[in-house]
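Visitor: Okay, here's what each chain looks like letter by letter:
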Amino acid sequence: MNPSPLTFDHVLKSFDDTIALNEITFSMPERGIVGLVGRNGAGKTTLLNVAAGLLIPDSGEAYTFGEPASKLSSRALSRLGVVPHKPQFMETLSAEEYLRIIANFYPTWDWERVATLYNALEIEPGKRISTLSEGQRQKLSIIAAVGHHPELLLMDEPMSNLDPIARSETIRMLWQVIEEDEALVVFSSHILTDVEKVADWVTCLDFGQLLANQSLDDLREAYLQWTVRDPDASLDEVRIRENKAVISFKREAGVVRITLHTDGEGNASALRQSIQTPIEERCLTLDEIFPILCPPRTSKRTLPTPIVW
Amino acid sequence: MLLHIDPHSGIPIFRQLQDQIRMAILSGLWKEGDEVPATRALSESLGVNPMTISKVYSLLEMEGWLERRRGKPLVVKGRPSDSNEDAERIALLRDLLRPVAHRVRQLGISEELALREWENLIRQSDPSSDSANRPDSRSSRP
Chain A
1 MNPSPLTFDH
11 VLKSFDDTIA
21 LNEITFSMPE
31 RGIVGLVGRN
41 GAGKTTLLNV
51 AAGLLIPDSG
61 EAYTFGEPAS
71 KLSSRALSRL
81 GVVPHKPQFM
91 ETLSAEEYLR
101 IIANFYPTWD
111 WERVATLYNA
121 LEIEPGKRIS
131 TLSEGQRQKL
141 SIIAAVGHHP
151 ELLLMDEPMS
161 NLDPIARSET
171 IRMLWQVIEE
181 DEALVVFSSH
191 ILTDVEKVAD
201 WVTCLDFGQL
211 LANQSLDDLR
221 EAYLQWTVRD
231 PDASLDEVRI
241 RENKAVISFK
251 REAGVVRITL
261 HTDGEGNASA
271 LRQSIQTPIE
281 ERCLTLDEIF
291 PILCPPRTSK
301 RTLPTPIVW
Chain B
1 MLLHIDPHSG
11 IPIFRQLQDQ
21 IRMAILSGLW
31 KEGDEVPATR
41 ALSESLGVNP
51 MTISKVYSLL
61 EMEGWLERRR
71 GKPLVVKGRP
81 SDSNEDAERI
91 ALLRDLLRPV
101 AHRVRQLGIS
111 EELALREWEN
121 LIRQSDPSSD
131 SANRPDSRSS
141 RP
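Top line first, the protein sequences correspond to chains A and B. Take the first sequence: its position 18, counted from the start at 1, is 18 in our numbering, and no numbers get skipped. Take the second sequence: its position 31, counted from the start at 1, is 31 in our numbering, and no numbers get skipped.
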C-alpha cells in the first residue's frame, strides 16, 4: 500500500484560549474523496490550512506528500491544489488573465481541462473578476486549483455558493480528478447529503478531536436501524436498552425502532437472536449518523432526532 | 444496462450494485466473456463515485464473478464455480422478497391473499403470455 499523501502526527493548534486541533493523529486514505465534516468551529478549516502549510501547528506536525507541511518544497507545492473558503483574487483582472498568472507556476498546467471547466461551470473567461458573483468566484477558485492536475486537492466548503447544476458539474469533475490523476481530494462541507453522494471516506472532527476517520461504506454499515413489528408491546424495552450496541429504542404505532451501532463484539447479533419476530434492517444515512457521533454539547446522553445544522 | 441505484436507500450503494451485478450474471444478462462497463463510464451514467465502482468490481472479482486476465479488461467469468446456481438464485430472491414480506405484515394482509396475488403476478410476467410483456424486464433476451 502506498503511503498516504496526508498524515497528522499529534497536531496541536490553538487560537488564544480556543483549541482548534487537539493533538490529533491520523492518516487520510491514499486516494479518493474525503468528506471532512463537523460543526462550525470543529477545526475543519484549521486542519486544511495546516495541511496546506498555511498555518504552523503549536506542536506536532502534518505531513503532506511525506514532507513536513510547515515547510513544503516547491515540488510538493506543485502537486497540491487548494480551494480556500474565501478566495482572494486580483479584482481588476479577467478570469483568464488571473489563470494565466497561476499557470506560470505549474509546468503541468492543462488549458484543455480549463476550457472544459469554463464550459461545464459556465464561466466567461473574459469577464473582470470584480464583476463576478460569489458563486462564480468559487468556480474560478476551483478551476485555478485543478488546472495543474494536483495529486492532493484541499477544498474548504467548495460548493457552499454553487447552484445545483454547478454543484453536480463540480462533483463530476472531482470524480474525474480522482480517476485521471489518481488524486486524493479532501473537502469540508456541512451538507451531509453532498458528502454522502460525493465522498468515499468520512473524517469527522468535533472540539478539535477526531471522531471518525473511515470509509463511508464502513461507517454507514456500522449504524443500523431495525424496525420490528410489535403490536402487543411484548418486546422488553429495559432489556434491549441494556445491550451495549443499542443507541435508542422508540415505540411508534405497533412497531419498535431500534437504532444500534454494531461494535464487532457480537452484541448486535446477540440481540438479533433474542428478538423472535422478523427484523427489517436499514443502514442510517450520514444525516442520521452525524448527531450520534457529535451529540449536543449540553446533554451528552440524549440523542437528538436528525437535524439540519 | 439495467443497473439502477437508489442513493437514498437504507442499503449502501456498493451493496446495491454488487447485488444487481450478481443478478445480471445469474440471469444471463451479463454473459461469460463480456467486458464489464468501464469504471469511468459507469460512474458517469449512474452518478456514483468511481471508487465505489472499482470497489464493487474488486469484490466481485474476489468472489469469482468477474475475472481480470493479464493485460486484458475485466470480464464476466460467470457464477463462481464453487457456488450452487439454484441456491444463489434462491438467496437473491429471498433478499428481494424479505422487505415485501414485512410490508404484507404491516398491511395486515392474510398470507393466503398475499400468496394468491404473488402467484398472479408471476403468471402475468410470463413472457409467453403477451399481456404483461414489459419491455424493461425481457428486452435483452432473444
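It should be emphasised that the hints constitute simulated quantities derived from the structure, not laboratory data. Just so you know, these numbers come straight off a predicted model, no measurement behind them. One or more of the hints may lead you astray.
Derived coverage of chain A by chain B (criterion: at least 3 residues anywhere in the stretch with Cβ under 8 Å from a Cβ of chain B; other residues may be distant) [to be verified]:
id, stretch
1, 191-200
2, 217-224
3, 272-283
Virtual Cβ for every residue (Gly too), placed ideally from N, Cα, C.
Visitor: Let me make sure I understand: some of the numbered hints might not hold for this structure. Which ones are they, in numerical order?
Guide: none
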